[in-house]
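Asker: Put together the whole structure using the sequences plus the hints.
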Amino acid sequence: MVLRDVEVGKYYKVLKIGGKGPLKRRIMDMGITKGVEIYIRKVAPLGDPVQINVRNYELSIRRDDAELIEVEEIVRED
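By the count of the UniProt record's numbering, the sequence shown reaches residue 78 at its end, each step adding exactly one.
These are calculated hints, taken from the structure and not from any lab test.
The beta-carbon is built from N, C-alpha and C at its ideal position, and this holds for glycine as well.
There could be a bad hint or two in this list.
Said to hold, decoys possible - List of simulated lysine to any residue pairs, SDA-like, C-alpha gap at most 20 Å:
#1 K16 with E77
#2 K10 with E72
#3 K10 with V36
#4 K16 with E67
#5 K20 with R62
#6 K34 with G18
To be verified - Okay, the calculated beta carbon distance ranges per label pair:
#7 E72 with G31: 14 to 20 Å
#8 V75 with G21: 33 to 39 Å
#9 P22 with E77: 35 to 41 Å
#10 K24 with E77: 30 to 36 Å
#11 I74 with M30: 16 to 22 Å
#12 E77 with L46: 30 to 36 Å
#13 G35 with D5: 15 to 21 Å
#14 M28 with D5: 16 to 22 Å
#15 R76 with L23: 28 to 34 Å
Answerer: Put into structure tokens, the structure is as follows:
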């Protein structure tokens, strides 16, 4: 599953970041790296952008960038 296809209010773990060169570096510079936990706060009505919490700060990701981030859902037993 990619970050573009996630559900609001759930937690996900980054498995892989696609793209090459400057694009991949820009995503990683925002704090999105393999293994990091992401919480989905909101998705805009047309799916662009996706608002997330990562490393204790809020971030908005464009749909094109979200397609490059492969994630898996984290099941929480709170």
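Asker: Where does the structure disagree with the numbered hints, that is, which hint numbers, in rising order?
Answerer: 1
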